[in-house]
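Use the sequences and the hints to build the structure in full.
Line by line, the protein sequences give chains A and B.
For the numbering used here, add 98 to where a residue sits in the first sequence, where the first one is 1.
For the numbering used here, add 28 to where a residue sits in the second sequence, where the first one is 1.
Do not rely on the hints blindly, as some may be mistaken.
[Said to hold, decoys possible] Ranges between beta-carbon positions, derived for each pair:
#	chain 1	residue 1	chain 2	residue 2	range
1	A	D359	B	I42	22 to 28 Å
2	B	I37	A	A169	55 to 61 Å
3	B	L144	A	F198	41 to 47 Å
4	B	I42	A	E173	45 to 51 Å
5	A	V181	B	I42	34 to 40 Å
6	A	L191	B	S123	50 to 56 Å
7	B	A111	A	E197	44 to 50 Å
8	B	P55	A	A169	45 to 51 Å
9	B	L126	A	L339	46 to 52 Å
10	A	Q185	B	I42	29 to 35 Å
11	A	Q185	B	L126	46 to 52 Å
Keep in mind the hints are simulated off the structure, nothing from the lab.
Note that the coordinates shown come from a computational prediction; the quantities given were computed from them, not determined experimentally.
For every residue, glycine included, the Cβ atom is placed at its ideal position computed from N, Cα and C.
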Amino acid sequence: MNLDETQQRIRWVTFAVLIGVTILLLVLDSSGSLDNAFNFFEDPLTTVMGWTTTRVDTLIETFAGPEDLQAAQAEIEQLRVQVQALQRENEELREIEGEFQLMQDLFNRARESPEFRRLTASVIGYDTSPLFRSIILDKGTEDGVFVGMPVESARGLVGQVFRTTNHSAMVILITDNISSIPARLGDSRATGIVRGGGLGGVMAMDWLDLEAQINIGEVVYTSGLGGRFPEDIAIGRVTDLERREADLFQRAVVQPAVDFDSLEMVFVITDFRTIDTTIFDTIPEDLLPAP
Amino acid sequence: MSLSFYLAIPLMAILAILQSTLLPRFPIFGIVPQLWFVATIAWTLLNGLRQGLIWALIAGIIVDLFSASPLGVTTLALMASVALVVFIQRHFPESRILMPVVLGVIATLVFWFVYLLLLRIVMPLTIGGYEFLDISNIANNTRIPDLLGDIASGYSPVGPILTYILTTALIHGLLILPIYWGYYNLERLFSPKRVEI
Chain A
99 MNLDETQQRI RWVTFAVLIG VTILLLVLDS SGSLDNAFNF FEDPLTTVMG
149 WTTTRVDTLI ETFAGPEDLQ AAQAEIEQLR VQVQALQREN EELREIEGEF
199 QLMQDLFNRA RESPEFRRLT ASVIGYDTSP LFRSIILDKG TEDGVFVGMP
249 VESARGLVGQ VFRTTNHSAM VILITDNISS IPARLGDSRA TGIVRGGGLG
299 GVMAMDWLDL EAQINIGEVV YTSGLGGRFP EDIAIGRVTD LERREADLFQ
349 RAVVQPAVDF DSLEMVFVIT DFRTIDTTIF DTIPEDLLPA P
Chain B
29 MSLSFYLAIP LMAILAILQS TLLPRFPIFG IVPQLWFVAT IAWTLLNGLR
79 QGLIWALIAG IIVDLFSASP LGVTTLALMA SVALVVFIQR HFPESRILMP
129 VVLGVIATLV FWFVYLLLLR IVMPLTIGGY EFLDISNIAN NTRIPDLLGD
179 IASGYSPVGP ILTYILTTAL IHGLLILPIY WGYYNLERLF SPKRVEI
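Dropping the structure here:
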């Protein structure tokens, strides 16, 4: 027997053994006898496989990065535009809500006193001189606004029309020191005159009876006396009292009800019922001087 | 009429509108600077008394249209301010930084002094003209005792007014610099100095 024949025989035997082992494994597997062996080998392998997969994924992501980054950046840009649009929309809605609130307040105020005839006007400017407290409205004589008409907001009295043009009107605010308004206190019913303080001054109610028991926090209303303003429009609230025994009258410092820095819309009261003072036009005969 | 006259009218109209609408929304330390005033003084410092007075006239009239102030009071106060500024400028060492700042402050103080003085004289007459504003003359006739009473009770407007005027003067003194330099560069751009070779 030569060497070649021996080697060939070994190969065939090996082949036959391998086929035999494979068939044996196949038979054992189909009968379920290899489950334990599988578990023994498979568990550590799956752990290694998991670890490898993660690393491979990272590697792939790293190589595929620039493309994904671009996509992400595009998405971020898109979202940013969307956010901006939504913010703008939100601001617009807030603005509308603010205007709605303002209109609702004005409407409620108008409903409280339906006997007045009113005209809505927008505030379009402020006085150019800091010494004067006045505002400019977008309604003038052509709209029915005339000098002397009272102006109010949803919160209270604003002032009085001072000067008009065809399409605008200047209103002297109640805080200006040339403004004086006949007023009455809500609780104590004491009457006096509310004067504006102007630049650096305070609004105060003068000529209050020294005997009147006035409380801090009392609301000040227009009294309607004199016929320039309708009665019962809120002017402000008493924040301080000055009582000097030497004086004949006391004085109350008044905080205005209206925030004049944030005025947007106001009512010009074009017609209102004044207090009837015709009774004083005729002097009773017994008071007439003897002829 | 010079070109400055035609420049002053639209410029002052724009500045007065801004003063009435935009600037009150952005006060500096609670003070609304008066741009029209600073613009007039800066122009005066560069172009002298005659043009300064023309600008003062235009600025005063336009600004008073948007104010409850009697028409003409601002013009008179501004003219007095312009005249004094030109007078001081002649005796002031030449400087393009210190001079506008100092004269801007002085001009503001003079303006307010004259303005308040004129109002004190004119306002009773004005109030008389608007009787509807004043149902009780008693209130006006007792202004001085009221003021003394205010001082005694701590509600005097004098302190706040003085603080206001001084702060305004300082703000105007700073604001005048960019405006003065703006005018100066514009003038150099449109009418450069002749140089003899």
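Next on the checklist: Name the hints, by number, that the structure is in violation of.
Outcome noted: none
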